[in-house]
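Respectively, the protein sequence lines represent chains A and B. Position 642, counted from 1, in the first sequence is what our numbering calls 642; the numbers after and before it change by one each time, with no gaps. Position 17, counted from 1, in the second sequence is what our numbering calls 10017; the numbers after and before it change by one each time, with no gaps.
Please keep in mind that the hints were generated in silico from the structure rather than gathered at the bench. Certain hints may be false.
The calculated BS3-like cross-link candidates involving lysine-lysine, where the alpha carbons are at most 27 Å apart (straight line), are [to be verified]: (1) A:K582 - B:K10082; (2) A:K445 - A:K410; (3) A:K614 - A:K474; (4) A:K546 - B:K10078; (5) B:K10061 - A:K204; (6) A:K759 - A:K580.
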Amino acid sequence: MRARFLLPLLAAALLAPALGDSGERRAPPAPERQTVGEADAKSAGCLSCHAETDRHTMHQNPGVVLGCADCHGGDARVRVDGKVKREDAAYREALQRAHVLPRDPRAWSWPSSANPERSYTLLNRESPEFVRFVNPGDLRAAREACGACHLAIVQASERSLMATSAMLWGGAAYNNGILPFKRYILGEAYTREGAGATVLNPVKPNDFLTEKGILPSLTALPAWESVPPADVFRVFERGGRVISSQFPEVGLPNGSGALQKLDEPGRPDIRASNRGPATGSRIAVPLINIAKTRLNDPHLWFLGTNEQPGDYRSSGCSACHTVYANDRDAKHSGPYAPYGSSGETATSDPTIAKNQPGHPIRHEFTRAIPSSQCMVCHMHQPNVFVNSFYGTTMWDYEADAPFMWPQKQKYPSDEEARRILERNPEEAAIRGNWGDPEFLKNVAKLNPQLKDTQFADYHGHGWNFRAVYKRDRKGTLLDAKGQPVADDDPKKFEKAVHLSSIHLDLGMHCVDCHFAQDAHGNGHIYGEVAAAIEIDCADCHGTADKYPTLRTSGPAARPGGLDLALLRTQDGRRRFEWRKGKLYQRSALDPEREWEMTLVKDTVTPGHPKYNEKAARAKLMHSGEAGRAGKWGPGAGGYAHSNDKMACYTCHLSWTTSCGGCHLPIQANWKTERHHYEGGETRNYATYNPQVARDDAFQLGRHGPVKGGRIAPIRSSSALVLSSTNANRERIYVQQPPVAASGFSSQAFAPHYPHTERKTETKTCSDCHVSRDNDNNAIMAQLLLQGTNFVNFVGFNAWVGDERHVEAVQVTEWDEPQAVIGSYLHRYAYPDWYADHQKRGQRLPEAHDHETSGPAACVALRGEYLYAAEGRGGMRVYDVASIANKGVSQRIVSAPFSPLGHDTHVASRNATCVALPTNQPIAPKRNQGDLMRKTNQEQPFHPIYNYALVTDAEEGLILVDVNTLADGEPRNNFLERAATWNEGGVLKGARHLTIGGRYVYVAADAGIVILDLDEPLKPRLAAVVPLSRARASALQFRYLFVADRQGFVAIDVTQAARPRLVPGSRIALADARRIYVARSYAYVAAGYEGLAIIDVEKPEAPRLMTKFSSGDKLDDTRDVIVGSTNASAFAYVADGRNGLKVIQLTSPETQPKLYGFSPEPRPRLIAWRETASPAIALAKGLDRDRAVDETGGQIAVFGRIGSRPFTREEQGRLYLKPDGSVWTVEDGP
Amino acid sequence: MKRLAALLLLAAAFSTSPAGLNATENATEADAPLPYQAGGKHLGVVNCASSLCHGSITPWKDSNVLQTEYVTWSRVDKHANKAYAVLFEERSQRIARNLGLKEPAQAAKLCLDCHADNPPAARRGERFKVADGVGCEACHGPSENWIRSHVAPGATHADNLERGLYPTSEPVAQARLCLSCHFGNKDKIVTHRMMGAGHPRMSFELDTFTQTEPPHFVIDADWQKRKRSWDGVRVWAIGQAIVAQELIDVLLDPKRSHDGFFPELVVFDCHACHHPMSNVRWTPRQGIGPGRIRFNDANLLMLRQIVRQALPGEEKDYNELVSALNKALAGEGGDTVETARKLRAGLDRLLSRLAVRTFDGKDLHGILSGLIGDGIAGEYSDYAGAEQATMAIGSVLNFLAKRGELSGVRTANAALDRLHAEVRNDETFRPERFRAALVELGKTAR
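Chain B with its partners taken away, still in its complex shape:
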């Protein structure tokens, strides 16, 4: 992670914008150790859940946070209701057995690391309960060092961060945090081996999932005053960039990129292989011939739109690099490692740009039409791409609607619903129908 921080600092140095100072802070925050890596004890959900703390049924009028966070999390957030409970289900038990784990799923570190807040025993407080699933401190960091001070009069967000509160409001940090499980990182990842054992395919998009979590916070003027100005598009973009980085990091890591004779297959498009043999579904894309394993480039496809808006001068290079990587990985020629490195460096640049870039309505419309255009052009013929594009379109439409820059919100929603219907089931995904739905969407959503 130090590397990323250095790059960002560098970016900040090049920058002449007044956001420079922010960027420096961002760098510190983005570099924060993830909650599972941080020191200090995890004290348990119950301490936050008091009705006088974050367990209020109704928001407080005079508080700068809702104080209902526990209630929202507990009632409707799958981190509370599903993450840990799912480990008891037959499928989870089977996965653990298939993987040859010694413990059942609900006791296996491999599973708990993502399905719960799973600090080592020495860092569990007296009322910590792993059964709470992905509890408060799984994201906000172990509270031992800040729980007493964060309620002090005049305690600031900065004070809290300094004592170890995880900077979830910082987009890069947020992306790293969420993706540490929803995609994986160097410490934990759902490998193809785990999927083979029965784990479902991972599906994630930072902004969409933040909205559907649902958020237990409201980003209002006060929030932005205390923390930072918030731009949902930036979050989406950073999310895409970080996944892409992680993907490339897997490719570049000699250990993680291979599992025995085969490469780590999780970086490839699942549906490239996982379909009945009778279903010969190859279509040309990215210059990759039939019978080749396709890289899961869904995030890279999304980044096309982001690069187009954020680093317009580099769009061509980026597209070529992505194409080259796809080809190299598929064995159509070219040096995988070299291409990946280049792309990785580009992504770093992009990230540093994103840290200070704000997106206006014009950008959003550009991204939207880019997504629709690429889709109609057949870029999302793979399910993973279509899925990402659908979530991205949903987010962009949402941002536009919030800005009041979307005409016909209701018709756009209806069109979006039809698009969603097309990606609801990966096994019955039909690219041509998806494309048709996109065409319809393109007509209405402006």
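Looking at chain A on its own, in the form it has when it is part of the complex:
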């Protein structure tokens, strides 16, 4: 990979000549020192028009001596006579002489001084003199304007993550497989003249600095047109014979390229280039998103987009230090709330327009920066945590849908769509009411009328945010005392606890914890946000043993830490003060406010007025055997939850964000502006569509060494699926998850600090350990990142195995939001299409199939391949890459070239089922070598991840190495058996298998046969649980749930080799076929009894809730899967007689508790389609909350060097005694 820009950051002294642009005069840098008289002379002319301003020097400190032109440049000698009016030509003439003039007056709406909307790279194209004139704090100008005093801070800011965005670019490059460097190498920086630049760390990082997360340099982002693709999608393989219609070939002996254009009707050549990688559209698509789709950016190098509440800000130093009106909520904006949310000024400068967006509130720098100013950038849901600090998360398009969608379906024109998407990249906005800026601005005013949620008053990026409330696991709202609040209580949102940070509730803002260095950086280059932070909870709260030192101790703290006792607020008070053994902090924003700090040591000291037994028990719980027995109190040899073992916020969070998926569909025909570097328009644009943003997933793992390897909460972060529509509007790949550079699935996870600290609504014992009532099996599965099968992604198609076919049934709209057809969301987002659907009798109109060689009794989808067990036909892998491509007549194919060029069939006598260790696309072979093992600190894959596992009723277990399907090379896809195993015939009659890490649970004649595949090619029999006609199983943490002749039963597989049939778990069902467990409910395809829903919250005492048949419409159910789309859960049922059934399990309408961890399902049949032959199997939706398997094998990529999910042994420490038996906890002391 070669960067296009490798210019060093130029020192301010190296000047580019002003190329004759009128008005460009290079003003000398602002001096560090000057006399008052000298300074005044540099303001004299300016004041003849500007008359007065709020803070003459911007600085509140009167010791700062500056004139206007010191910072802004321009000609302060020009003055107007007092008699000249603003309308006079003389006024305009003086203005032109005094001001520095723009190169592109129209782009700036010159002579308006308001920040233009969405200016992005305009700053790079402007003259540095003009940039300095409009914003001396811009990083292109700051060395000249601010550098005399603040050079070190300016330089640190240039290298800081807020400027370089290295964490996003690096994460995107690594998680999408573009660059294999987990110590990131890309970042944004510009020279004074606006050319892309490389930034160098001031010192070359040695081993110690590297361990601290410090990087040697960051290089400019290469242009997307010149970077080879990393995605293993079929369109990026060699080929592209006919692409020349869009991509002219040169040097060929036929003028029109006609010889190449031999496209076959119905079998179009979809490859993206006829030359090598990084030509044509054979490029790294994620880079287009980085360059063009507004996800997190613009950042410090650019102005805010200045068009929506929450988007008003300047660039560089002024981006933070001059406050704009963005949010009317005083909790977010503090004293600035009264200035509204429209970016209007309250300056005393008579020349500044007062009712025009895009001006700072005052001409004044401040360190009293409200959180609303941070939120302008720190608002992206899964990555940055001002939202969660506020107790808000991204709205899911469903809550209070009637208010947010137009009554009449909108059909936006391309022009209208473009206009909205420029402001807001989420495609749903082009159909929703909030695409209208006037509606958007006042969404929060709807709150009194709403019944599902409450909206926040900021809308940066054009987004909406909903409040998160305290709920029990079933979703019932709870008040401060933990008492239920009725769903129909009109004051329910006042009574229920809003889960904002306790710090926010005290009146704190971001800058009350994150001081100068956390914002400016410490001068080193970092790639990870957490590594660049100097503050730590203990710095202000202390620990159970020690009072706080008021010295920062985070990863980026200077040696000895920053002395917090020296800090002062903008209004002049000391920030921290000890008084009579109590520690107080003064608000950075409110001169009247201070609060007493909670000191951990006090809360665990019996007899202290602040003593809290619950806190003491948690913090002083002994480690080891004593702790497992519940012993706690001071004096232990070691504490179970000590500060060096786990981050404070592991328990003190109330909820975490989990971005269960975003869809980025690229559109070749959308020509759009590049938002970085040289700008300019190119084709291709991807919208950005959050799918499932939940607040109920609490998951743990380990921080990397930068954070001491401590236990920390883990969030799902940006699990993406990608689609592409080419210039012919053919969908050349759909909803494909990428693979990370480490070969792990890109359904990414990362340790994080959720910023949702509470005192009462914290995590407690049974959130992380097996409860005495044994009612948290699903919670534990979630916690350990094994997944709960609840947020799984069943996308555009449901994949069905039929008696004689495999089949894809289209179940959602393609437009955004990709609502499930017939669902609650469908009704509001697409009222016309919903009505059409009802007119069709709820029949789904679109499906595609391929004949099989036998019953497709098991189907599994991974990437662009569908795996099917086909009985006598063996196991076959179908190419389904073109499933949504209108140009392709046979959308499911067995051999995309010819059987000679591709053979993904493995013959066997009677293949009954096929399973993959994960349905997330992975590429284990990438995860090798020193770069991965040592530099990137990645764990190896367990070898089982190389294989697909097939059960054969006669042959037993067959392993097939499927790695060639993940290597991007189309010429080696010839699958063969790697091993066949059936020792002693124990697998006779094998008909289903479930994989839980190295253990495989096979349903066979003998019952449930448990195999240990630690050495996959040498399976070992671990145990057999005799059962009569075991048909299928599903695994959740410690329990395997089985469908057999008698119905439903649970097996305790805590020790897989020592399984225990749970005596009281039997539920009789006449014809139980397949089982699917999603959180605390098991869904059983119960044949003619319909869909049985069993409450398995207590796996040893399951409870049959209902047998759902929707008035006999489900009377031959063979298989069932569950998935989430937006806020709602859906079940998909394979019904032998009636085809595919889509059932909405929850919706705002039927289940107001839908935001709970496991709301009770309220099934409703919403759509169906007959299948080509009787439907017997379904492919599970993409796992979105599974990062690790039950035996500790990592599946999904973790951001942050060295961080990872728990190993098997670490998982066990939370609930297993050394002898392998389970210990339990009670929440009360």
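Here the structure of chain A is known, so what remains is to put chain B in place on it, guided by the hints.
Just chain B, lined up with the frame of chain A:
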């Protein structure tokens, strides 16, 4: 204060030394209005505290001041940490109540005048915080008129002084400044009434307290070049002289010298009265009989040594005057006012002499042996005297050590520690033990 200035000018006129010009300048500086009296707004600590100004964690290489002044003050200086905070303590609240103040201690002018920088509301800047205690401008003067100019290129100390920076480097000005609270002056003083209400006894010695403040400046060649040559002994001496003047001024002021029927008792030795009645501790000194209230002559005792070195010809007169004042005050005969006036005039002369007198090693040794000798002779049998002598000896030893003219610094330090131990607690002070410690010190410290 005009009077003092006039005297000093006079002294300068008599002087033939080349330091005359300096003395004139000194006179101007020494006459500077104290920060609380000066015009201009107090803008607040925060303006100085910027890490780019005086709040740097590490000293700047290329600056003529450390730039860490705020950090030192904020971290370790009691003016920052204690002065104001102490007003919230129960003892302070009680004092305020006992005095019948309308406001609590932290709001009472009487308390704040010394426990904080307490300009009237009209002279407080937008970010001024009284809660900062004795902040920058309490000593350096209100910054409104010089904060912009003092950062100008080439700005000199003289420029700053001219615009109202308080001349803390001028010893008399420094002494007046520090003592304005640590002893009191015509505007503010801790009276016996306040002590009766619970205020602790005042203990101060200019040089010792400057060293233990600790200083947020370094007096090096550059400092002396920009300001003046610095002599710690002179500072000590001037400090003693100014306290003595203030004491005498109280005596001479018909209003301040009396509080009702009784004289203002704060000028007397506390321990003369404040001891259990069972403890009959009278010993003869200065010819004062038992049952008489003893003047707090600790500073006058220190001045004996200073006079001996600075005005050797007047030592005898001085000692007699001090003795006469003691006696007169105690009612042993003689005219208090007359004696006090004479002494006061002598002190003025001494001060003017001190303004130009430098002290060499010989002087220091003389002062040291004088202090030890007087102590052994029983002159410091009162606690206040012993305390002052201990601090003075500490300072002199320090000066000698710095000059490299003290042999056996470590043993001298150990002996000094023992001396300090004797004066650590005024209520358990035993003159004979103090004397024994002095004898030991005398053996080692040379």
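Evaluated hints:
Simply put, K582 (chain A) and K10082 (chain B) have alpha-carbon atoms about 15 Å apart, close enough for the 27 Å limit, and the pair holds. Pair hint K445 (chain A) plus K410 (chain A) holds up; C-alpha atoms about 23 Å apart against a cutoff of 27 Å. Restraint check for K614 (chain A) and K474 (chain A): satisfied, since their Cα atoms lie roughly 24 Å apart, inside the 27 Å limit. With a C-alpha separation of about 25 Å, the suggested pair K546 (chain A) and K10078 (chain B) falls inside the 27 Å cut-off, and the hint holds.
Only pairs whose Cα atoms come within 27 Å are accepted, and K10061 (chain B) paired with K204 (chain A) is accepted, the gap being roughly 25 Å. The straight-line distance between the Cα atoms of K759 (chain A) and K580 (chain A) is roughly 23 Å, inside the 27 Å bound, and the hint therefore holds.
Going down the numbered hints, you'll see the structure goes against none, and every one checks out.
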